[in-house]
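Taking the hints into account, I'd like the entire structure generated from these sequences.
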Amino acid sequence: MADESEKKLGITVKKEEDMAEWYQQVCLKSEVADYAPVKGCYILRPLGYALWEKIQEYFNKRMKYRGVQNAYFPLFIPESFFQREATHAEGFTPEVAWIANRDEEGSERLAIRPTSETIMYDSYSRWLRSWRDLPIRINQWANIVRWETQATKLFLRSREFLWQEGHCVYETE
Numbered sequence: 008m009a010d011e012s013e014k015k016l017g018i019t020v021k022k023e024e025d026m027a028e029w030y031q032q033v034c035l036k037s038e039v040a041d042y043a044p045v046k047g048c049y050i051l052r053p054l055g056y057a058l059w060e061k062i063q064e065y066f067n068k069r070m071k072y073r074g075v076q077n078a079y080f081p082l083f084i085p086e087s088f089f090q091r092e093a094t095h096a097e098g099f100t101p102e103v104a105w106i107a108n109r110d111e112e113g114s115e116r117l118a119i120r121p122t123s124e125t126i127m128y129d130s131y132s133r134w135l136r137s138w139r140d141l142p143i144r145i146n147q148w149a150n151i152v153r154w155e156t157q158a159t160k161l162f163l164r165s166r167e168f169l170w171q172e173g174h175c176v177y178e179t180e
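My numbering runs 7 ahead of the 1-based position in the sequence shown.
The set of hints was computed from the structure by calculation and includes no laboratory data. From the three backbone atoms N, C-alpha and C, an ideal C-beta is built for every residue, glycine too. Careful: at least some of the hints might be erroneous.
Unchecked claim - Each computed DSBU-like pair below joins lysine-lysine, with the alpha-carbon atoms no more than 30 Å apart: (1) 61 x 22; (2) 160 x 22; (3) 46 x 71; (4) 22 x 36; (5) 46 x 21; (6) 36 x 46; (7) 46 x 68; (8) 61 x 71; (9) 46 x 160; (10) 21 x 36; (11) 21 x 61; (12) 160 x 61; (13) 71 x 36; (14) 21 x 160; (15) 36 x 160.
Claimed, not checked - Taking CB as the label site, the calculated pair distances span: (16) 29 x 72: 36 to 44 Å; (17) 79 x 116: 21 to 29 Å; (18) 158 x 113: 47 to 55 Å; (19) 69 x 48: 45 to 53 Å; (20) 177 x 38: 19 to 27 Å.
See the structure below:
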């Protein structure tokens with residue numbers, strides 16, 4: 008345990024002098040988040056999660072008013088889905104975390120969700136049979152995994168994070 012003289016309760020650096028250190032201290036000392044034992048990941052503490060729930064509450068109210076429904080799509084996405092959307096996935100392909108599908112010999116790799124467009128659009132293609140099925144308005148609250156290799160920062164750059172993504176389909180552009 009840290010010596011009492013080493014324990015500093017307040018913010019010990021000015022924002023103007025070292026923004027990165029100031030930001031880290033604000034996040035940690037406010038007990039919004041903490042670093043996890045896994046490199047590049049963080050723990051969203053109860054206060055931080057309460058803030059997340061307030062954001063969801065605010066956003067859900069506005070989305071429901073517009074006819075958007077919440078849904079949940081799988082965390083695992085077949086590699087072939089990314090190959091179909093190669094230009095879209097190109098920007099974050101190096102950060103995709105892959106796992107081997109051990110269900111069957113020779114089966115394709117699975118991505119741990121870096122984004123959900125590919126799996127959502129595959130479902131939309133099966134659900135949409137005519138213009139009468141439109142619009143499709145779906146929102147998803149989920150965790151995202153991107154194998155971030157650069158220096159990580161709480162909430163700004165991490166390997167796993169919570170996010171919202173809405174994907175709607177309309178008759179016209």
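Hint check results:
Of the supplied pair hints, the one linking residue 61 and residue 22 holds, its CA atoms being roughly 27 Å apart against a limit of 30 Å. Pair hint residue 160 plus residue 22 holds up; C-alpha atoms about 16 Å apart against a cutoff of 30 Å. Taken as a hint, the residue 46 and residue 71 pair is broken in the structure, with Cα atoms around 37 Å apart against an allowance of 30 Å. With a C-alpha separation of about 15 Å, the suggested pairing of residue 22 with residue 36 holds against the 30 Å cut-off.
Between residue 46 and residue 21, the direct Cα distance comes to roughly 27 Å. Compliance with the 30 Å bound is thereby established for this hinted pair. With a C-alpha separation of about 20 Å, the suggested pairing of residue 36 with residue 46 holds against the 30 Å cut-off. Distance check on the hinted pair: residue 46 and residue 68 sit about 35 Å apart at the alpha-carbon level, beyond 30 Å; violated. Of the supplied pair hints, the one linking residue 61 and residue 71 holds, its CA atoms being roughly 15 Å apart against a limit of 30 Å.
Of the supplied pair hints, the one linking residue 46 and residue 160 holds, its CA atoms being roughly 11 Å apart against a limit of 30 Å. Note on residue 21 and residue 36: the hinted pairing holds, with a Cα-Cα distance of about 15 Å set against a maximum of 30 Å. Taken as a hint, the residue 21 and residue 61 pair is honoured in the structure, with Cα atoms around 29 Å apart against an allowance of 30 Å. Restraint check for residue 160 and residue 61: satisfied, since their Cα atoms lie roughly 22 Å apart, inside the 30 Å limit.
Restraint check for residue 71 and residue 36: the C-alpha separation of about 35 Å exceeds 30 Å, so the hint is violated. The suggested pairing of residue 21 with residue 160 holds, with an alpha-carbon distance near 18 Å, which does not exceed 30 Å. Annotation: proposed proximity of residue 36 to residue 160 holds, straight-line Cα distance about 15 Å (limit 30 Å). Taken as a hint, the range 36 to 44 Å holds for the pair residue 29 and residue 72, whose Cβ atoms sit roughly 38 Å apart.
The supplied range of 21 to 29 Å is met by residue 79 and residue 116, whose beta-carbon atoms lie about 22 Å from each other. In this structure, residue 158 and residue 113 break the distance hint of 47 to 55 Å, their C-beta atoms being roughly 38 Å apart. Look at residue 69 against residue 48: about 30 Å separates their beta carbons, and that is not inside 45 to 53 Å. Range check, residue 177 to residue 38: Cβ separation about 43 Å, and the 19 to 27 Å hint is violated.
Hints 3, 7, 13, 18, 19 and 20, counting from the list given before, are not met by this structure.
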